[in-house]
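Number of protein chains: 2
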Amino acid sequence: MALIVQKYGGTSVGSPDRIQAVSDRIIETVRQGYQVAVVVSAMGKTTDNLVKLAQEITPAPNRREMDMLLSTGEQVSIALLSMALQAKGQPAISLTGAQVGIVTEAEHSRARILQVKPDRLRRHLDSGQVVVVAGFQGITHSDDLEITTLGRGGSDTSAVALAAALGAERCEIYTDVPGILTTDPRLVPQAQLLEEITANEMLELASLGAKVLHPRAVEIARNYGVPLMVLSSWSDAPGTKVLVPTPQPRSLDGLEITKAVDAVEFDSDQGKVALLRVPDRPGIAAQLFGEIGRQQVDVDLIIQSIHEGNSNDIAFTVVKNLLKQAEAVAEAIAPVLRSQPTAVEEAEVLVEKRIAKIAIAGAGMIGRPGIAANCCDLSRSRDQY
Amino acid sequence: MALIVQKYGGTSVGSPDRIQAVSDRIIETVRQGYQVAVVVSAMGKTTDNLVKLAQEITPAPNRREMDMLLSTGEQVSIALLSMALQAKGQPAISLTGAQVGIVTEAEHSRARILQVKPDRLRRHLDSGQVVVVAGFQGITHSDDLEITTLGRGGSDTSAVALAAALGAERCEIYTDVPGILTTDPRLVPQAQLLEEITANEMLELASLGAKVLHPRAVEIARNYGVPLMVLSSWSDAPGTKVLVPTPQPRSLDGLEITKAVDAVEFDSDQGKVALLRVPDRPGIAAQLFGEIGRQQVDVDLIIQSIHEGNSNDIAFTVVKNLLKQAEAVAEAIAPVLRSQPTAVEEAEVLVEKRIAKIAIAGAGMIGRPGIAANCCDLSRSRDQY
Chain A
48 MALIVQKYGG TSVGSPDRIQ AVSDRIIETV RQGYQVAVVV SAMGKTTDNL
98 VKLAQEITPA PNRREMDMLL STGEQVSIAL LSMALQAKGQ PAISLTGAQV
148 GIVTEAEHSR ARILQVKPDR LRRHLDSGQV VVVAGFQGIT HSDDLEITTL
198 GRGGSDTSAV ALAAALGAER CEIYTDVPGI LTTDPRLVPQ AQLLEEITAN
248 EMLELASLGA KVLHPRAVEI ARNYGVPLMV LSSWSDAPGT KVLVPTPQPR
298 SLDGLEITKA VDAVEFDSDQ GKVALLRVPD RPGIAAQLFG EIGRQQVDVD
348 LIIQSIHEGN SNDIAFTVVK NLLKQAEAVA EAIAPVLRSQ PTAVEEAEVL
398 VEKRIAKIAI AGAGMIGRPG IAANCCDLSR SRDQY
Chain B
48 MALIVQKYGG TSVGSPDRIQ AVSDRIIETV RQGYQVAVVV SAMGKTTDNL
98 VKLAQEITPA PNRREMDMLL STGEQVSIAL LSMALQAKGQ PAISLTGAQV
148 GIVTEAEHSR ARILQVKPDR LRRHLDSGQV VVVAGFQGIT HSDDLEITTL
198 GRGGSDTSAV ALAAALGAER CEIYTDVPGI LTTDPRLVPQ AQLLEEITAN
248 EMLELASLGA KVLHPRAVEI ARNYGVPLMV LSSWSDAPGT KVLVPTPQPR
298 SLDGLEITKA VDAVEFDSDQ GKVALLRVPD RPGIAAQLFG EIGRQQVDVD
348 LIIQSIHEGN SNDIAFTVVK NLLKQAEAVA EAIAPVLRSQ PTAVEEAEVL
398 VEKRIAKIAI AGAGMIGRPG IAANCCDLSR SRDQY
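Those protein sequences? They're chains A and B, same order as listed.
Position 9 of the first sequence, counted from 1, bears residue number 56 in the numbering used here, the numbering being contiguous throughout.
Position 246 of the second sequence, counted from 1, bears residue number 293 in the numbering used here, the numbering being contiguous throughout.
It should be emphasised that the hints constitute simulated quantities derived from the structure, not laboratory data.
Mixed in with the good hints there might be a few duds.
Covered by chain A, per the in silico footprint, the following chain B stretches (three or more residues, Cβ under 8 Å) [said to hold, decoys possible]:
hint	segment
1	55-67
2	96-102
3	130-136
4	140-149
Calculated cross-link-like contacts (lysine-lysine; reagent style BS3-like; alpha-carbon spacing at most 30 Å) [what the hints assert, rightly or not]:
hint	chain 1	residue 1	chain 2	residue 2
5	A	Lys99	A	Lys258
6	A	Lys135	A	Lys99
7	A	Lys92	B	Lys99
8	A	Lys135	B	Lys92
9	B	Lys319	B	Lys400
10	A	Lys164	B	Lys164
11	A	Lys92	A	Lys288
12	A	Lys404	A	Lys258
13	A	Lys135	A	Lys164
14	B	Lys92	A	Lys92
15	A	Lys92	B	Lys135
16	A	Lys371	A	Lys319
17	B	Lys92	A	Lys99
18	A	Lys135	B	Lys99
19	A	Lys288	A	Lys319
20	B	Lys135	A	Lys99
21	B	Lys404	B	Lys367
22	B	Lys99	A	Lys99
We treat Cβ as the ideally placed atom computed from N, Cα and C, and that holds for glycine.
Let the sequences and hints guide you as you build the complete structure.
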């Protein structure tokens, strides 16, 4: 029998009424002939309230004790959702991270999943129960049953890891938006819903701040070939499908332990043009890059640094053979900028030819500090020897 | 180094401020040279609120899921108290029932403790940490880490069981009253604080409804010779000491599994006098038993049954050779009762000579329904064979 993993976020289980609605949706999925494993977050603002409570005790709570505290939020949700399912005649059982056997690193508050033990889940699923699993939490490998939490994106990560471990047909992420949008609809009302997106595109979007799906979850989905759906828990709209490639066979041990860095790319065919002391007003950058675009000059990286006062430095890189042309445009624009009413100092153009662009790629860097430092350190070593 | 187990109830840890005060008291105990293991309840009204939440989902929640839900309350308390201790420089660690190894029966919502594993507790205590243990909860013996709760008096029971398992010097129960009082001070302002009480007297008081200490906890204290102190968490007053006998050597396995019934006592030297249709007014019973007392008749059991309307039946037993005398008093009083303004029917005296009194003794009956039924059933069998 095919299995679906469904994940419901905090808003989706934010009240007894919402939990009832979620239980109806689960029962509907069971009626369609699926086994269902469900992963839930803590109800609504529970986690925020627990964090606040800890802050009232001490501004710097111990991370192990924070995990002990925060993991209760999901435990409340799984108990209530299981009760709701049972009350409607659907056999169900709630399981904590420890009970499932979601084994993680011993890194409190940001543990990565090492392994999801499928045996107990299978046993309950095969006996006709819906299993309701606490997201965001796991235990360490030791006999001490130390409780860990997964950090940001934790419940998404739990859900996809479960789906991978169980070989689920797909993993459905229910949330309070209709799916993956082209941008944040609260800022840009014209944002469009995407029907489909590849895992790699999603990974890029997620890394750049799209909050609907955490890149950790997308990476597991991609690595293990788990099709993902992002859906609204408030409607039956079709949502967004995240397309995954057929995966290479891969061990389920060390599930979330991937290379931090997939590749380091090096490009020395770059030059930099900097405009210093540009008035800090909306529209200036658009004017500059509009003119550069009209001159058919392809801009690569753009860096804007902030000064105190009313001006910025805007720098951009182009391939070396366009550097002269780009410089000319910048020089032509500088006097215009000087005439701006808010200009306090003279805008000035600087050109730097001896630069290179180094790109470090890899979703494994997310949430792991120090990677950039390591890379810089290595390049320095190379300079020295 | 001597060890003290301290237990703090829900009111004592009801707010961040109260948790800070509790942490100060614990640190003071450590300064006095003790190792300290602490057992805490859920904060204030947490358990009530969780029960309410479950009731909003379904009027008849599954007991396993209730245990999953309710056990989060204590988990929040232990995390916060540990943070408070750590913030003051006192090494501390919180442990759930599962992490300690408080092994119980698989009876959800009313499990008895089978065993408290002392190894992990000892390890943390010997490394200089205060261990903060979640009261009221345990796990079953299976590998499934099923969470159980202990039911009424659960946290007191956890604390005394811990003290027994660790061979603690004493177990201090901190509560919101100054100690054991002779009666409920909300009803009887003259209630007196007891400086000392024996475990057996306490057991009797507790069985009869005194709520400060649960009889389960007192029974463990008595069986394993754990001195108990009942103290106010709001003051430094000396509280009440519960004196325990030197215990018989006793295995710590099956800790709370004791005989339900210690003894069945049988007394056929009894007779019953019943006054039927006594006006239901305060003072009537005092008048009746006052007169009986003046006649030097020792009354044993008193049973008052309620009729619809304005009258009661009052029955009492005496030893057989006083039956005539007791009947005479009752007959003398009956006309007085008939003259009461609220008398609606005639008071009447009945005497029953062929009765026996059976007393079933044993704290193990508490919380275990069906014992009386079993006893009745056995005696019926005896009639039949």
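Now for the hints, and whether the structure bears them out:
1. 55-67: holds (count 3)
2. 96-102: holds (count 3)
3. 130-136: holds (count 4)
4. 140-149: Holds: 5 residues of the segment 140-149 of chain B have a Cβ under 8 Å from chain A.
5. Lys99/A / Lys258/A: The given pair, whose Cα atoms are some 23 Å apart, holds under the 30 Å limit.
6. Lys135/A / Lys99/A: Violated: Lys135/A and Lys99/A sit about 35 Å apart, past 30 Å.
7. Lys92/A / Lys99/B: 18 Å, holds
8. Lys135/A / Lys92/B: Given that 30 Å is the threshold and the Cα spacing comes to 29 Å, the pair holds.
9. Lys319/B / Lys400/B: 6 Å, holds
10. Lys164/A / Lys164/B: Roughly 26 Å separates the two Cα atoms, so the pair holds.
11. Lys92/A / Lys288/A: 28 Å, holds
12. Lys404/A / Lys258/A: 28 Å, holds
13. Lys135/A / Lys164/A: 29 Å, holds
14. Lys92/B / Lys92/A: Within the cut-off at roughly 19 Å; holds.
15. Lys92/A / Lys135/B: 29 Å, holds
16. Lys371/A / Lys319/A: 10 Å, holds
17. Lys92/B / Lys99/A: Judged against 30 Å, a Cα distance of about 18 Å means the pair holds.
18. Lys135/A / Lys99/B: Holds, at about 19 Å.
19. Lys288/A / Lys319/A: 40 Å, violated
20. Lys135/B / Lys99/A: Holds, because 19 Å separates the two Cα atoms, which is no more than 30 Å.
21. Lys404/B / Lys367/B: Roughly 12 Å separates the two Cα atoms, so the pair holds.
22. Lys99/B / Lys99/A: 23 Å, holds
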